[in-house]
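Visitor: Based on the provided sequences and hints, a complete structural model is requested.
Protein chains: 2
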Amino acid sequence: MLESIQDDGGVTVSSEQLARRGHTTAAQVRKDLSHFGSFGKRGLGYSVDELRDRLRIILGLDQVWPVVLVGAGRIGSALFEYPDFKRRGYECVAIVDSNPEKIGRKWGELVIQPTAKLESLIKELCATLVILAVPASAAQLVAECSVNAGINGILNFAPVQLQVPDGIPVENVNLVMELEALSFQITRASKT
Amino acid sequence: MLESIQDDGGVTVSSEQLARRGHTTAAQVRKDLSHFGSFGKRGLGYSVDELRDRLRIILGLDQVWPVVLVGAGRIGSALFEYPDFKRRGYECVAIVDSNPEKIGRKWGELVIQPTAKLESLIKELCATLVILAVPASAAQLVAECSVNAGINGILNFAPVQLQVPDGIPVENVNLVMELEALSFQITRASKT
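Residue numbers (our numbering), protein chains in the order written: chain A, 1 to 192; chain B, 1 to 192.
Any given hint could turn out to be false.
To be verified - The calculated lysine-lysine pairs, modelled on BS3-like cross-linking and capped at a C-alpha distance of 27 Å, are: (1) A/Lys86 / B/Lys191; (2) B/Lys102 / A/Lys102; (3) B/Lys86 / A/Lys191; (4) B/Lys191 / A/Lys106; (5) A/Lys102 / B/Lys106; (6) A/Lys41 / A/Lys31; (7) B/Lys86 / B/Lys123; (8) A/Lys191 / B/Lys31; (9) A/Lys31 / B/Lys191; (10) B/Lys31 / A/Lys123.
Hints in this document: simulated from the structure, not taken from any laboratory.
Guide: Here you go:
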């Protein structure tokens, strides 16, 4: 939101304006931000630049995050081409796939490597994140291999609950479950 | 989970077993299910078939949901080919795009239509859901058009907060925000 306010030339923003954009209340915006320190001045609102910069530091976006993409299928390809991805500091440093037909192909500057090399690639390139865009049946093994290689976090598109050690954050994106959340809300509303 | 237990030949399942798979507690599983009625028998656990069927009804998966896909780019294509999509009862009945080079192409049995036809397609095909896989700049307009046509819910991949009337559920999938959630957790852990 702050970036889009910046793009529109905004210099300061109030908690009320942020709340309206975020579909929440001004009190909630102030409360949420207060968890991370003191922001803005009473009656003057927040400096857009400053708030953005401080939030970027809180989110860890003041550094580049080297990412290894596992799975050069359609989801992998969509992610690889996603423009916001690089803009926010996530740099894809390697792509691996287990399909011999895909290994050796070039995506941009990168050559698709065999999944067997995942562990050594993570170590060599000091990758901090892996994106798992692989079938459910392969995901757990790839996750374990990534953890062994010292990965710090996993973005998982496979529809399985990964078992990883405590302290390795996993974010799951389950596309069917998102649709099911909609169906549930619509079904429930139609019954009341 | 229940489907994977079915695939493995499981007939009954305990709340403890479900909790282990779902990284939660047996008490939480029982509490969550209790919101929707009475399931299982004390000491005997749940019938896998019955629990699955009842959850499908609760989630609205006992019917087919006609979906219109807006945006025939990479994310749209990944979704269109997603095998679980159709298996769970979401049927893509139309694809629209605003790029003249894409209009007229065939994806499976479907011909990509111009976005200008979105409203009439939703009405004609009685579509209940739209998936927005369009750039941020186009998303609000497409959402409004879909709402006007009587859509019931929106799965939004565009990185914007859509403004829609109350009662139209929106689920947002923001891929960069998922990565940011990981960076945040890793950054915070490294500072403590």
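Visitor: Each hint: holds or not?
Guide: Hints versus structure:
Only pairs whose Cα atoms come within 27 Å are accepted, and lysine 86 of chain A paired with lysine 191 of chain B is accepted, the gap being roughly 24 Å. Pair hint lysine 102 of chain B plus lysine 102 of chain A holds up; C-alpha atoms about 25 Å apart against a cutoff of 27 Å. Restraint check for lysine 86 of chain B and lysine 191 of chain A: the C-alpha separation of about 24 Å stays at or below 27 Å, so the hint holds. Distance check on the hinted pair: lysine 191 of chain B and lysine 106 of chain A sit about 38 Å apart at the alpha-carbon level, beyond 27 Å; violated.
Among the hinted pairs, lysine 102 of chain A with lysine 106 of chain B is consistent with the structure: their alpha-carbon atoms are about 24 Å apart, no more than 27 Å. With a C-alpha separation of about 14 Å, the suggested pair lysine 41 of chain A and lysine 31 of chain A falls inside the 27 Å cut-off, and the hint holds. For the hint linking lysine 86 of chain B to lysine 123 of chain B, the alpha-carbon distance of about 21 Å falls within 27 Å, and the restraint holds. Restraint check: the Cα-Cα separation between lysine 191 of chain A and lysine 31 of chain B comes to about 22 Å, which is no more than 27 Å; the hinted pair holds.
For the given pair, lysine 31 of chain A sits about 22 Å from lysine 191 of chain B by alpha-carbon distance, which is consistent with the 27 Å threshold. This hinted pair does not check out: lysine 31 of chain B and lysine 123 of chain A have alpha carbons roughly 43 Å apart, beyond 27 Å.
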